[in-house]
Amino acid sequence: MASVTFQNVEKAFGSTKVIHGIGFDIHDGEFMVLVGPSGCGKSTLLRMLAGLEEISAGTIAIDGKVVNDVESKDRDIAMVFQSYALYPHMTVADNMAFSLKLRKAQPEVIKERVSRAAKILNLEPYLARYPRELSGGQRQRVAMGRAIVRDPKVFLFDEPLSNLDAKLRVAMRAEIKALHQRLKTTTVYVTHDQVEAMTMADRIVVMHDGRVEQIGTPLDLYDHPGNLFVAQFIGSPAMNVIEGTIKRENGAAHVVSRGGVRWPLRSAAGSEGQTVAYGIRPEHLSLTDAKTSAAVPAEITVVEPTGAETELLLQAGEAQIVLVTHGRPDVNPGDRVGLAVEPAMVHVFDQQTGQRLAS
Amino acid sequence: MKPITLRQVTTEAKLLLIGIPVLIWTLLPVYNLFLFSISPKESAFAGNLWPDHPTLHNFEVVFREQHYYLSHFWLQLWNSLLIAVTVGVLTLLVATCAAFAISRLKVKGGRAVMNLALFTYFIPAAFLAVPMYKTMGNYGLLNNQWALILAMLTIAAPYSIWVLKQASDKLPYELDEAAKIDGASPLQLFRLVYLPLMMPSLVAIGTYALLLAWNEYLYAFLLLSNDRQITLGVALGNFLAADDSPWELLMATGLIYALPPAAIYYVFKRYMVGGLTAGAVKS
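Residue numbers (our numbering), protein chains in the order written: chain X, 1 to 359; chain Y, 360 to 642.
The hints are simulated quantities; they were obtained by calculation from the structure and are not laboratory data. Heads up, the beta-carbon is just placed ideally off N, CA and C, and yes, glycines get one too. Mixed in with the good hints, there may be bad ones.
Selected chain Y positions facing chain X (in silico; Cβ < 8 Å) [as the list claims (entries may be wrong)]: (1) Pro531; (2) Leu534; (3) Ala537; (4) Ala543; (5) Pro545; (6) Leu546; (7) Pro555; (8) Leu556.
With the sequences and hints as input, model every part of the structure.
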């Protein structure tokens, strides 16, 4: 187990800079998820930590020891690849034992560690099989088994679940999380799926265009997104963002969007006339009587019941709004309704910089 | 069983219509070879579809080296085999290492070297024969079997490198990375991961180089002259030096000469299967 430290890490491929000076710490035993849209540099950052990519500038340290010039095999890390990368000519047992054999471990030690890993991952019946004889989920588990027999300081996962179907993905998500709770090994997990990030992480690093947008616990990012990018990236369905200008009258503040719709604002954030992005999550909106004075008038365009929840698509002024409710409201497309906003749950961002306005 | 549709029947018929003439076309010369080899000398040119008195006498003469042209038959067969196998092994060694370096280790300038090697194919091998002869003379290798081995290696290597490079480009690169993280040195990666996965291509290329050398005539004829050094192929050519060539013996020897390649092909055919990398990565 170990901590990991990134300091001003940069990466350039030729003259193209893909990582622009990233620095953060991963604590001992922490499950850290790097999340961001494709091309944001999260995989590159992971591969730099793994020693598969050169570090152009800055330092990466594992357990306080700078590893910039340390070979992958001497960094004491194990990696699970998106494509599994199992050795096709070796059985499951041999795949898992490979790294130990290369390290010239005693045969008894190898056997014991492989069978322990197989037990943890429910792979015991498949030890003599070849990767081609396994299902996707089983291959994924073998790839994890190959990592845990090593008992490394840090586990690296590079989008390990993106090749699995939705159902298996949810199951494996829980398995990986359970595995981490059991082994308590420092883990760096890369994904583009914010749901994966939210459900698995102790802390999340949100990346965008080679920069860190925000670091925090899942709920911290959800409740206090530092900027518009994080606000829209974290949460599903995504946060509603409405452009407008701040208006204050009679002690009440509003954001007036195009089409003249007035969105209630509680805080004193921002100044009169400032153009802002008004953010409200779909689950913080509710339906109310259209005649209430505080209600935001809207028209329902689509109703999507999913059983437990109902998702409504609405048109409010020129803005498309999504609303999620736990009930099963008796509404139909075309209905004119009122939206009630929980003012405490409103996020306001500067339209130009995208930064959160102090509230 | 599903009922056979008319469509399937016509498809099958079309295939047969093409297949049968091709088969006859291919087998006719071989049949002729066989016919000559089992005919007595006097009726060799009779033109019958089957000889009146088929005999194995020709083979007996060949095996017992009972003819002037065949006085070193076994030695020459051995020469052919030795040279072919050596060329096969050396080509594999050179081409595999080169392909690994170019494709997996991504050595700088590797591609340029490969293209340069392939450039030799722009010049017909026959034109290179004389320069090659001179070069081997400079090295003092004339009439030494190494001259032929090295010449064949030169001819076989560029194509082999190219084919193996293409094949190894298809191996997922994540395997190398996984092995690297697992602690494999480049040499261990080569031995424990790369070679096993390349086996089908290696067998194909080894067979290719071996058969190329086995069938080579021009270079063998030029570079080797001593009766005890030459390959069986050259010895067969020498039959034609006589006014009255013993055709039936030539054909019998030719048939024997053709058997090892056929055997090699059938033995190694089953190794040349694809799908070895199935299950490595999700594609």
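When the least beta-carbon distance from Leu546/Y to chain X is tested against 8 Å, hint result: Leu546/Y check fails; min Cβ-Cβ to chain X is 11 Å, beyond 8 Å.
Hint Ala543/Y vs chain X: min CB-CB distance below 8 Å? 6 Å, holds
Go through the hint on Pro531/Y and say holds or violated, using the shortest Cβ distance to chain X against 8 Å. Cβ of Pro531/Y sits 6 Å from chain X, so the hint holds.
Hint status (Cβ of Ala537/Y to nearest Cβ of chain X, threshold 8 Å): Given a least distance of 4 Å, the restraint on Ala537/Y holds.
Quick check on Pro545/Y please, does its C-beta sit within 8 Å of some C-beta on chain X? Where the cut-off is 8 Å and the nearest Cβ of chain X is about 11 Å from Pro545/Y, the hint is violated.
Closest C-beta approach of Pro555/Y to chain X relative to 8 Å, hint status: Holds: closest Cβ of chain X sits about 4 Å from Pro555/Y, inside 8 Å.
Does the nearest C-beta of chain X fall within a distance shorter than 8 Å of the C-beta of Leu556/Y? With Cβ-Cβ at 6 Å, under 8 Å, it holds.
Residue hint Leu534/Y, partner chain X, criterion CB-CB below 8 Å: OK, holds: Leu534/Y within 8 Å of chain X, min 5 Å.
In summary, the numbered hints that this structure violates are 5 and 6.
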